[in-house]
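Protein chains: 2
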Amino acid sequence: MNSLPRAVRILAEGIVIIDQTKLPEREVWLSLTTVDAVIDAIARLAVRGAPAIGVAGAGAVWLAALETPDDGFETRFRRTCERIADARPTAINLRFAVERSRDIALLAKSPDDARVRAREAAESLLEQESAASRAMGRWGSSLIAHGERVLTYCNTGWLATTGDGTALSAVYAAHNEGKNIEVFACESRPLLQGARLTAWEMVRAEIPVTLLCDNSVGLLMARGGVDRVLVGADRIARNGDTANKIGTYMVAVLAKRHGIPFHVVAPTTTFDRRIKDGRGIPIEERDESEVLTLRGVPVAAPGARAFAPAFDVTPAELITSIVTERGIIKDVDESGISAVVP
Amino acid sequence: MNSLPRAVRILAEGIVIIDQTKLPEREVWLSLTTVDAVIDAIARLAVRGAPAIGVAGAGAVWLAALETPDDGFETRFRRTCERIADARPTAINLRFAVERSRDIALLAKSPDDARVRAREAAESLLEQESAASRAMGRWGSSLIAHGERVLTYCNTGWLATTGDGTALSAVYAAHNEGKNIEVFACESRPLLQGARLTAWEMVRAEIPVTLLCDNSVGLLMARGGVDRVLVGADRIARNGDTANKIGTYMVAVLAKRHGIPFHVVAPTTTFDRRIKDGRGIPIEERDESEVLTLRGVPVAAPGARAFAPAFDVTPAELITSIVTERGIIKDVDESGISAVVP
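One line per chain: the protein sequences are A and B, in this order. 420 is the number that this note's numbering gives the last residue of the first sequence; the numbers go up by one with no jumps. 420 is the number that this note's numbering gives the last residue of the second sequence; the numbers go up by one with no jumps.
Treat the hints with care, since some could be wrong.
Same chains, same label: a pair holds when it works inside one copy or across any pair of copies.
Unchecked claim - The calculated DSSO-like cross-link candidates involving lysine-lysine, where the alpha carbons are at most 30 Å apart (straight line), are:
#1 Lys408 - Lys354
#2 Lys334 - Lys257
#3 Lys354 - Lys334
Note that these hints are calculated values from the structure, not bench results.
Build the full structure now, drawing on both the sequences and the hints.
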């Protein structure tokens, strides 16, 4: 098979995305034709997932090239690119994609040439991420045995990439190979990407899925209910420390305690070789209202404040292996990573 | 001070409780005048918290004695008592309170005498739990230093007891002693007792409170943001293994990893000396809809199933000490517990 939809596409008039804030109730596709529309979509998580926002960012760079007048092109274009790269701080895919597209565009001899090159850069990144997704699926599935119960966190499927996903690409591949797997999806408060998006993808693909509150992982593991954990990543430091959706660290600590393999699945575009370890990764804090409400409904006593980080960092020592499109990093440390990620 | 309301009272016509399903939006007090009304209130968590449901159960035994006709009194009364004790399975306070009240009532020479004795038994348990709450507050506060940031889970305040609380009784006491503490309240999915009830109690008492999603405990601890953890309990086995709200185990594992003291605060009525260790504690599974919806709003993709346990078990090895009304159990094992709990 491979009939999954594509969450981000680059068409003649702009970028088309599925609006993830509307799922699972409504499947709404948005056509984003201006830089501001893309930045807004990234900031409000209409498009999310590290590889997907990377490609959306590259698409925005193309739109920036279109919007920037010839007069003072480079300065203005660079400034707009910076605005795009800053739309969200943690997933490094966004900044890298923007800088790559910008640099490719600025090799051009004219603004018009830059516009063409920026579009080509976005398209080529999209193709690269789609291919990476397929390769991660194959590598990741090679880890999964028949009948395994796989726990996953947040959403790492086709919604999060331009292909079938990162961690969920491995799940789709294992399922397609007839491995008869079962998925446990953590709901991933506050924005419930697990409940809203992963459960939706799994139900749609007819892969057995059980949803659980994030706080129930410990009991499920203590009962022997989990064979393997697969998660995605938003940024991986040089030593393997991995930023991912808030709560991933808790899952990793519990997996370690229960002797359950814990794998990160991420394309090489998620590795940040400039950063030594997890302490260097900026953690986005979202608006308190995301914790104080749930799908618009207040859940907390009026007057309470909230701590609303979007990510946490899982230390390399808790990670069994990192699956990339170039292969599996079994020694999660600087030299193990260097052997696979250029 | 000590002007906190009382969540469960025994009046002439029946039991009065605050309906916790309506908080924090509305403060609704219910008068429960039949056994079925009390069982229903316990089952749908209108009254909750191990000590509070113990007292409500004892009150229901009194109502059972009133409702049971003289003809065949003992057999019918025992049967109704069994129904009350079965309203929820995990918190042992309920069964113990029901059995104690039943046995006291059945020492009587006549049904009328049994009705009087059942009422006295309920009133005396209420007084005992209120006194225990005060004592736990004093003992618990003795652990808390000036300026500490205390993390707590679920709700363990006046709503959960007939006094000021278990773990939160210590928080109230420390606050009243001017210790300038700060509370971090985990929201406690799926029913959000932390967000709805603990945050409400803290805001009401003007104790600084920050709410967090349960999955954010790891990051907060990794940043050095927590000095101490205080939680309640629903049942404590002979070796100190402790059942409490689902997610408590995760908090304990993270506290251990970060070297943060983790205390259970519970009255002696929560200890189940008949059970050797945590494996013997039945874990209530709630309806899937509690995970699939949030305050009535669907949060999951249609078609997904859910895992909906209400409790988990924290092994004794992760517990720094257990605070009871009789003192602090520093060696959390069978002999340490025996020295304090009769």
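Hint check results:
1. Lys408 - Lys354: Within one copy, since 19 Å is at most 30 Å while 41 Å is not.
2. Lys334 - Lys257: Only inside one copy: Lys334 and Lys257 sit 25 Å apart there, 37 Å across copies, limit 30 Å.
3. Lys354 - Lys334: both (23 Å within a copy, 27 Å between copies)
Every hint, counting from the list given before, is met by this structure.
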